[in-house]
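So the sequences go chain by chain: A and B.
Under the working numbering, the residue at position 238 of the first sequence is numbered 238, and the numbers go up by one with no gaps.
Offset between the second sequence (1-based) and the working numbering: plus 288.
Hints are not guaranteed to be accurate.
[Stated by the list, open to error] Below, a sample of chain A positions facing chain B; criterion: calculated Cβ distance under 7 angstroms: (1) 105; (2) 109; (3) 125; (4) 128; (5) 272.
Hints listed in this document are in silico derivations from the structure and should not be mistaken for laboratory results.
These numbers were taken from a predicted model, which means no experiment stands behind them.
Note that CB positions come from ideal geometry on N, CA and C, so glycine has one too.
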Amino acid sequence: MNPRVNDPTRSNQDARTPAAGNACVRIRGLRTVLNGKTIFDDVDLDIARGKITAIMGPSGTGKTTLLRHITGQLAADCGDIEVDGRHVAGLNRTQLFDLRERIGYLFQNSALLTDFSVFENVAFPLRQHLRLPEEIIRNIVLTRLQSVGLRGAAHLMPSELSGGMARRVALARAIVRDPDLMIYDEPFVGLDPIALNQILTLIRTLNDTLGVTSILVAHEFSAVRRIADHVVLIAGGKFVASGHPDVLARGESEWTRQFFGGEADGPVPFQYPARDYAAELGFAAGAR
Amino acid sequence: MNAPRRNMMLADALAQVGAVGLFMFSILAAVPKSLRHYRETVRQVWFVGAMSLVIIMTCGLFVGMVLSLQLYYVLTNFGGTAALGTVVALSMFRELGPVVTALLFAGRAGTSMTAEIGLMRATDQLSAMEMMAVDPMSYVVAPRFLAGILAMPLLVCIFNALGLLGAHLVGVSWLGLDNGTFWGNMTSTVEVWSDLLNGVWKSAAFGAVIALIATFQGYTTPPTSEGVAYATTRTVVSSAIVVLALDFVMTAFLM
Chain A
1 MNPRVNDPTR SNQDARTPAA GNACVRIRGL RTVLNGKTIF DDVDLDIARG KITAIMGPSG
61 TGKTTLLRHI TGQLAADCGD IEVDGRHVAG LNRTQLFDLR ERIGYLFQNS ALLTDFSVFE
121 NVAFPLRQHL RLPEEIIRNI VLTRLQSVGL RGAAHLMPSE LSGGMARRVA LARAIVRDPD
181 LMIYDEPFVG LDPIALNQIL TLIRTLNDTL GVTSILVAHE FSAVRRIADH VVLIAGGKFV
241 ASGHPDVLAR GESEWTRQFF GGEADGPVPF QYPARDYAAE LGFAAGAR
Chain B
289 MNAPRRNMML ADALAQVGAV GLFMFSILAA VPKSLRHYRE TVRQVWFVGA MSLVIIMTCG
349 LFVGMVLSLQ LYYVLTNFGG TAALGTVVAL SMFRELGPVV TALLFAGRAG TSMTAEIGLM
409 RATDQLSAME MMAVDPMSYV VAPRFLAGIL AMPLLVCIFN ALGLLGAHLV GVSWLGLDNG
469 TFWGNMTSTV EVWSDLLNGV WKSAAFGAVI ALIATFQGYT TPPTSEGVAY ATTRTVVSSA
529 IVVLALDFVM TAFLM
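Kindly produce the complete structure, drawing on both the sequences and the hints.
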């Protein structure tokens, strides 16, 4: 039904372990504690240049936090993050903005500017950073909107869009300046099967034709499996498994077996830490 | 209240003042860059200025009318009704105009600034701008700050004009004071530089303070609906207190 966009047999797709010397993002000794909870505990990670790396894991394990560290939105308590050879922690605001000009970021909640129309949202980065004639801006914006299937919605306001449409507009805005690094935070939420298929193809095409490095946070393993070159599984403050999605799908470790099998029992607790269930309900001996 | 709790409250208050001070320096640093977004500043002047005209004009008219009515009966006791125009004009230009307009401005424009920026924070619009390498301080905050400084003096002038019209309606048209006496005494006594412009300087300062408080509260609000609601309330309360305190200080220096 859906064509397999990512073929592990293809020569440029077999990076099951990112080449350390060609890492676009390099993380060493990352440690983060938020509100007393350890999110990352001394972790290392390399994101290979020109590949699609998916970050997966149970909710609340720090996937979005990791993206915020990479883009300098949130400082780590300890460790070093290098993006394209630049140490993020050492950048001043101007240098950080220079770096971000080469990064496209798709927010979890789309984050469209509510005062602007769809067209103006996508044109916003172009207008802010480039002095282009209006006709060229118009053509670029319409091209990007066409690629996400929303050229006809250019005149609509964000309040008139569905969640899936807003996400596609946000994606068009994220790619409008042809970034070197694309970061997608939950890009598949709210997409219908047709839109999902087109967005998967778009992400893969961006990667194949422009050599964009992509970092993808998602929960939909079937979608991730079609496009990702490498999957990293986060749980308990550590990267517990990584590799090609087809390899991880075999469930050779207890982590991947539980996560990709959707099992409640395993090393990742389904229940948030709590006191004894029976005691809380008042059924424990002596509770009444 | 025990001593440790009192000390903690004092430390919190001082920290808040320090944070507002740092925020003000960030705005001032962002102002040169924000001039690139002059259209946004013009849009904000329209939004906080022109859109506030109805409330400012209505209140100005009624404040002038009630002031005229009260003063007329007071001045009648001393046989000084001829000074009605002068007293109303001085009261309006020097104090009531800037202060009442500032309080109305805080309620009408300050709250909307806080709520708008707070919602932008809650919906990640500010983060999205940062990720697009657009500084929210220069694109969102500084234009609103400049709009506050530009719009307030204009609103005060309109408030004063409508106040005088209201005073004239009550004093001359209703209570029968001579029209020439009303305007003649006023124009011969009221000074443009010392009376009218003092109020204009004050209003520009009030506009800056209200815009600073409103943008700070919006920018630093917790990204929740409750957080935005509290921030909006704090904008009105803090603005009212600071405007009245600043009015006393500025009056003491400008007298």
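Checked hints:
no., hint, in the structure
1, 105, "holds, 4 angstroms"
2, 109, "holds, 6 angstroms"
3, 125, "holds, 5 angstroms"
4, 128, "holds, 5 angstroms"
5, 272, "violated, 20 angstroms"
In terms of the numbered hints stated before, the structure departs from hint 5 and from no other.
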